[in-house]
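There are 2 protein chains.
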Amino acid sequence: MNIVVVLFDGVTALDAVGPYEVLTRLPGASVVFAATEPGVKRTDHGLGLTADVALREVPAPEVLLVPGGPGQVAAMDDVELRDWLRAADATSTWTTSVCTGSLLLAGAGLLTGKRATSHWLALDELARLGAVAVAERVVVDGRHVTSAGVSAGIDMALELAGRMHGALVAQAVQLSLEYDPAPPYDAGSPQKAPAEVVELVRSRSPRR
Amino acid sequence: MNIVVVLFDGVTALDAVGPYEVLTRLPGASVVFAATEPGVKRTDHGLGLTADVALREVPAPEVLLVPGGPGQVAAMDDVELRDWLRAADATSTWTTSVCTGSLLLAGAGLLTGKRATSHWLALDELARLGAVAVAERVVVDGRHVTSAGVSAGIDMALELAGRMHGALVAQAVQLSLEYDPAPPYDAGSPQKAPAEVVELVRSRSPRR
Chain A
1 MNIVVVLFDG
11 VTALDAVGPY
21 EVLTRLPGAS
31 VVFAATEPGV
41 KRTDHGLGLT
51 ADVALREVPA
61 PEVLLVPGGP
71 GQVAAMDDVE
81 LRDWLRAADA
91 TSTWTTSVCT
101 GSLLLAGAGL
111 LTGKRATSHW
121 LALDELARLG
131 AVAVAERVVV
141 DGRHVTSAGV
151 SAGIDMALEL
161 AGRMHGALVA
171 QAVQLSLEYD
181 PAPPYDAGSP
191 QKAPAEVVEL
201 VRSRSPRR
Chain B
209 MNIVVVLFDG
219 VTALDAVGPY
229 EVLTRLPGAS
239 VVFAATEPGV
249 KRTDHGLGLT
259 ADVALREVPA
269 PEVLLVPGGP
279 GQVAAMDDVE
289 LRDWLRAADA
299 TSTWTTSVCT
309 GSLLLAGAGL
319 LTGKRATSHW
329 LALDELARLG
339 AVAVAERVVV
349 DGRHVTSAGV
359 SAGIDMALEL
369 AGRMHGALVA
379 QAVQLSLEYD
389 PAPPYDAGSP
399 QKAPAEVVEL
409 VRSRSPRR
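Residue numbers (my numbering), protein chains in the order written: chain A, 1 to 208; chain B, 209 to 416.
Next comes chain A alone, as it looks inside the complex (with noise of 0.2 Å):
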């Protein structure tokens, strides 16, 4: 099982490193992490994660998977990686975003009329792009699947782990991570964080 994780600069890394953790895991996967140019790219708050292929060297991946983050914003002008998401998209088993990763999806026409979702700040542009957009954590519109902000991809990679490969598989691989969650706060989406976090953090985005 072939899976490419698309890097570019600015991208979040806990969106591309959760559901690597995962895939990785998983009997038979191959996971590359690849960019236009390959070399380091500088994650939107500064870390080196290295993209080790040029997506021209796997134009065919069974999975392929596509973080957000600020940088997809200039990512969405790169038109050598547009042609490749469709390309890849083409032959897929698995198109996979997180997070603002769908609008990359959307931009290159891959979603136009699917069901999907993003970071809950994004889901007015993706609809904006063609896409049918719901407030889920992981939306699964045939091979199609998007997941919501950042963390949410971990979640997504575990319904893809069960998919892919069945419970017992997906379950122990959420065992070896210790996936069981706890957060000492219950602020995680818009509709549970208290009314003054949910403008906080609307007021420095800049989608707002």
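Just so you know, not all the hints are guaranteed correct.
Unchecked claim - Straight-line Cα separation of at most 25 Å, SDA-like style, residue types lysine to any residue; simulated pairs:
1. B/Lys400 <-> B/Glu333
2. A/Lys114 <-> B/Pro392
3. B/Lys322 <-> B/Ala282
4. B/Lys400 <-> A/Gly166
5. B/Lys400 <-> A/Ala182
6. A/Lys192 <-> B/Arg371
7. B/Lys400 <-> A/Pro27
8. A/Lys192 <-> B/Pro389
9. B/Lys322 <-> B/Val348
10. A/Lys192 <-> B/Pro392
11. A/Lys192 <-> A/Ser205
12. A/Lys192 <-> B/Pro391
13. B/Lys400 <-> A/Gly162
14. B/Lys400 <-> A/His165
15. A/Lys192 <-> B/Ala375
16. B/Lys400 <-> A/Pro184
17. A/Lys192 <-> B/Pro235
18. A/Lys192 <-> A/Ser203
19. A/Lys192 <-> B/Met372
20. A/Lys114 <-> A/Gly162
21. B/Lys400 <-> B/Asp332
22. B/Lys400 <-> A/Thr24
23. B/Lys322 <-> A/Pro184
24. A/Lys192 <-> A/Arg204
These aren't lab readings, by the way, just hints derived from the structure by calculation.
Following the hints, complete the assembly by docking chain B onto the known chain A.
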């Protein structure tokens, strides 16, 4: 607030990136990734994470974060790392770990007699290294904060965020990351996972 995340070859990516994604969003936070020798470190499944500085360049962080992973075994023998941990811990505000990172802290003598945790498969080893090992997701003993396997670092970092900056800031970070976990299975701890899943994971571990 100077925060140093320790890297080494064979680290588990999510151990480092989960809490990084939280801590880097805190007001005034400056996070650097550091290793005995700087450069690209390869995680246990191959992803390259960049250590931008040498440990010796950042001798006195306010927060130090030690991730785990299979590379922890070799890192236990890194005398420079051990000495750095001891010196950094002497002046840190918070000394923290994720997963088997606590074994590195314990191996340096920093958890002796303290309540601490680790990946569920490593609790016995943690106890042998002198800590009072407990099976909890996040353990705070004074200024030493340890967390369970891999994904638990996200919860630990949110706990730290609240203690350092208050609930409003911590909740804002949680909402930014849309950390409203909804795993499709409930198998994230050995108490919750089916027995056959626990046995499968245990049988594949070098710590079984």
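Hint by hint, here is what the structure shows:
1. B/Lys400 <-> B/Glu333: 22 Å, holds
2. A/Lys114 <-> B/Pro392: 22 Å, holds
3. B/Lys322 <-> B/Ala282: Answer holds: B/Lys322 to B/Ala282 is near 24 Å, not above 25 Å.
4. B/Lys400 <-> A/Gly166: Within the cut-off at roughly 18 Å; holds.
5. B/Lys400 <-> A/Ala182: Holds - the C-alpha atoms of A/Ala182 and B/Lys400 are around 14 Å apart, at most 25 Å.
6. A/Lys192 <-> B/Arg371: Since the Cα atoms of A/Lys192 and B/Arg371 sit roughly 21 Å apart, the hinted pair holds (cutoff 25 Å).
7. B/Lys400 <-> A/Pro27: 23 Å, holds
8. A/Lys192 <-> B/Pro389: OK: A/Lys192 and B/Pro389 at ~12 Å, within 25 Å.
9. B/Lys322 <-> B/Val348: 9 Å, holds
10. A/Lys192 <-> B/Pro392: 20 Å, holds
11. A/Lys192 <-> A/Ser205: 19 Å, holds
12. A/Lys192 <-> B/Pro391: Judged against 25 Å, a Cα distance of about 17 Å means the pair holds.
13. B/Lys400 <-> A/Gly162: 17 Å, holds
14. B/Lys400 <-> A/His165: Within the cut-off at roughly 20 Å; holds.
15. A/Lys192 <-> B/Ala375: 14 Å, holds
16. B/Lys400 <-> A/Pro184: 20 Å, holds
17. A/Lys192 <-> B/Pro235: 23 Å, holds
18. A/Lys192 <-> A/Ser203: 18 Å, holds
19. A/Lys192 <-> B/Met372: 23 Å, holds
20. A/Lys114 <-> A/Gly162: Holds: A/Lys114 and A/Gly162 sit about 22 Å apart, inside 25 Å.
21. B/Lys400 <-> B/Asp332: At roughly 20 Å apart (the allowed maximum being 25 Å), B/Asp332 and B/Lys400 satisfy the hint.
22. B/Lys400 <-> A/Thr24: Judged against 25 Å, a Cα distance of about 23 Å means the pair holds.
23. B/Lys322 <-> A/Pro184: At roughly 22 Å apart (the allowed maximum being 25 Å), A/Pro184 and B/Lys322 satisfy the hint.
24. A/Lys192 <-> A/Arg204: 19 Å, holds
The structure is consistent with each of the numbered hints, conforming to all of them.
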